[in-house]
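Protein chains in written order, with our numbering: chain A, 1 to 457; chain B, 458 to 716.
Careful, some of the hints might be misleading.
What the hints assert, rightly or not - Here are the computed distance ranges between Cβ atoms for each label pair:
hint: 1; chain 1: A; residue 1: 275; chain 2: B; residue 2: 474; range: 47 to 57 Å
hint: 2; chain 1: B; residue 1: 694; chain 2: A; residue 2: 221; range: 17 to 27 Å
hint: 3; chain 1: B; residue 1: 474; chain 2: A; residue 2: 216; range: 28 to 38 Å
hint: 4; chain 1: A; residue 1: 336; chain 2: B; residue 2: 661; range: 29 to 39 Å
hint: 5; chain 1: B; residue 1: 474; chain 2: A; residue 2: 233; range: 53 to 63 Å
These are calculated hints, taken from the structure and not from any lab test. Glycine residues also receive a C-beta, built at the ideal position from the N, C-alpha and C atoms.
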Amino acid sequence: MRRLAAIWPPAPGLHEGQPLAEARAILPALDALPADPAAEREALEGLAQAAMRFTPMAAADPPDGLWLDLTGCAALWPDEAAMLAAIAAWLAIPARLALAGTTGTAWALAHAPDGPERCICSPGGEAMALARLSPALLRLSPCVVAGLRRVGLREVAILARIPRAALTARYGAEVVRRLGQALGWEEEAIAWPPPASSWEERLDFAEPAATAPAFEHALELLAGRLCARLAAASLGGLRFTATFRRTDGSTVPLAVGTARPMRDAPRLARLFAMQLDGLDPGLGIETIRFVAEAMENLAPHQALLGHGARAADLAALADSLTVRLGRGRLWRPAPRASHVPERSLGQAPPIEVSSWQAPATPRPLRLLARPQPVLVMAPVPDSPPLHFRWQGRLHLVRAASGPERIAAEWWRDGAAPDRLRDYYRIETTDGTRCWLFRAGLHGAARPPRWFLHGFFA
Amino acid sequence: MPRNPPLTATALAGLRAALPPLARHGRLSLGPAALDAALGGGLALGALHAVAETGLAAGASGVGAGFVACILGRLAGPVLWISPHADLFPAGLIRFGLDPARLLLAAPADDRAGLAAMEAGLRAGVTTVGEIGIDRIAATGRRGSAGSLGGRRLSMACLDQGAMGFLLLRRVWAGREDGAGREDCAAAFTRWCIAPAPSKGQHGEPGEPCWHLRLLAARGGAEGEWLVEPGGEDDAAPALRLAAGLGADAAGSRARAAG
């Protein structure tokens with residue numbers, strides 16, 4: 001059954017949660033659109049962003065609220081009422097505004113049924129303001145509210161008089177926590193958006209730009225400015241973002257991650273320019289914001305001869321290849337402590353060098369991503385194969401050595417059925433050397449199976 | 458009318474001496490004298506080499522990678538190894554003298570990205586190995602349109618930066634074994650075809666790897682074929698040695714006029 005999620009403009013007889021058919025019976029001219037919670041959430045985030053004109057701390061409170069931390073911001077207006085009026089005028093949509101010293105009180109006053117449109121709670125007046133309100137407005141879960149109502153706790157004032165220990169014992173920590181957030185003895189953590197980086201440069205185009213040369217030039221300019229500031233502070237960034245803002249307000253972020261902290265403006269501009277192909281400028285770009293993140297100390301250096309220069313060159317190559325190939329497509333091999341071949345190899349960042357030791361027993365040069373099943377003729381119980389069939393061809397075995405037994409790691413795999421692998425080095429009559437293994441043992445409930453796992457040179 | 462004087466042998470030698478050397482960045486001895494002689498004095502450094510491998514499963518057998526690892530083990534510096542299949546197992550490279558700590562592995566989404574990455578690596582002066590399907594070289598090398606990446610561009614990048622480049626061709630072209638013999642790899646300094654050969658292990662066990670190595674073309678060199686074994690883990694030892702007893706004197710080598 002489809003129900004009403006929101007009604008605009010308000011109409012008599014319609015309410016949220018009402019079945020659509022019933023609403024249509026009341027108001028035949030009803031024009032219904034499907035609800036899109038994701039888009040609403042996004043729009044709310046956008047509204048929170050825009051609300052930063054009033055305070056640096058503005059966050060969305062889904063599904064339909066905004067948090068604004070206005071501490072110290074009222075000084076810009078004659079009084080708090082004037083500030084609320086300004087916010088209401090800016091919002092230009094019907095909204096309930098409440099200003100209070102605690103988050104819980106502000107929320108309750110803004111959501112209280114039949115409350116005033118704008119409501120200011122003076123400091124210290126929280127308990128008074130909440131006294132007659134229902135505990136549901138403390139943002140308690142419905143079952144807790146139902147439980148409170150059953151025993152007659154219908155007002156916050158009564159709730160506040162009960163010893164906290166008794167409340168916690170009966171209803172859990174939630175009631176006391178929410179009460180504390182409303183009355184001011186408990187802090188509430190709101191997920192404020194991260195503060196704007198001070199390592200930011202922006203460029204506003206006089207006319208919307210849409211061509212790659214214009215962007216390249218702008219990126220060079222911005223990178224130059226930012227890197228000059230970074231150099232003055234002896235810092236380097238590990239992540240850089242360039243956010244292109246279209247004329248219609250939508251944004252396109254481009255990001256560059258570097259292997260080691262850097263502040264080389266021409267290189268940075270090139271790394272971004274490599275991504276410009278995929279950029280859709282729409283009707284034109286009006287602003288580019290260029291931000292450096294994840295700062296690390298980077299002492300000024302001069303180009304060294306020999307090893308130092310090589311390492312820097314390699315880092316530069318790694319950055320440009322990472323941008324060119326995409327994330328996760330460039331790595332250093334790193335040994336891992338495991339006997340299982342496919343687990344003995346890990347991936348490390350492109351500039352991290354690990355040390356390797358020669359394996360005790362020969363290891364293949366190519367390891368198939370997934371062992372491939374082969375049909376094998378082999379004498380029981382543990383002789384190497386006489387021949388095997390792979391990819392539709394029969395291969396005769398000329399020489400073989402083994403087995404090398406590798407047991408699965410019980411602490412990871414649990415009781416896997418084929419926990420034992422017996423590996424054989426096989427040389428076929430044409431000279432190909434490959435790595436076969438038998439999973440499982442003869443005589444077990446399940447007959448052993450054979451796999452091809454890799455190739456030696 | 459004055460006629461051009463006939464070219465004498467000494468004049469010809471003088472002209473040859475005035476030319477810059479073919480291998481502008483030096484040469485690396487591979488070990489066996491017959492091999493070095495066929496190459497014209499060793500494997501050219503700072504040049505592009507094409508290696509095609511065949512075997513039980515072309516595209517999977519490790520012989521080409523083993524051969525390249527033997528050579529790289531005798532050189533210094535980082536190695537960018539580009540493989541779309543990402544099936545290289547570094548622990549297996551140690552026995553050929555290549556320390557996996559030198560490796561930087563890349564797994565491009567397709568051959569086009571792989572070739573671009575290879576060129577970027579060579580332009581940065583880093584030794585680069587690219588595992589590329591042969592058909593891709595054919596498609597990009599022949600068309601010659603602007604922006605296409607062929608063997609010629611890779612070769613130029615090698616020569617400009619003095620970086621060593623290896624094209625590892627892992628797919629047999631239409632059943633032909635000598636993938637590196639195609640015109641597509643004409644820009645490469647040398648072209649090789651390598652196949653696994655039965656080893657000389659005893660007591661029914663596989664022994665040291667043994668390869669049937671064919672030199673299809675070398676600038677300023679000759680063709681030839683040999684049975685070789687890898688030089689081993691010690692990087693002071695030569696890269697390769699001839700498998701004893703079999704074709705040790707390069708009997709199959711067919712001399713060709715050099716230069």
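Right, here's what the structure says about each hint:
no.: 1; hint: 275(A) with 474(B): 47 to 57 Å; result: holds (50 Å)
no.: 2; hint: 694(B) with 221(A): 17 to 27 Å; result: violated (55 Å)
no.: 3; hint: 474(B) with 216(A): 28 to 38 Å; result: violated (48 Å)
no.: 4; hint: 336(A) with 661(B): 29 to 39 Å; result: holds (33 Å)
no.: 5; hint: 474(B) with 233(A): 53 to 63 Å; result: holds (58 Å)
The structure fails to meet hints 2, 3 from the earlier list, while all remaining hints are met.
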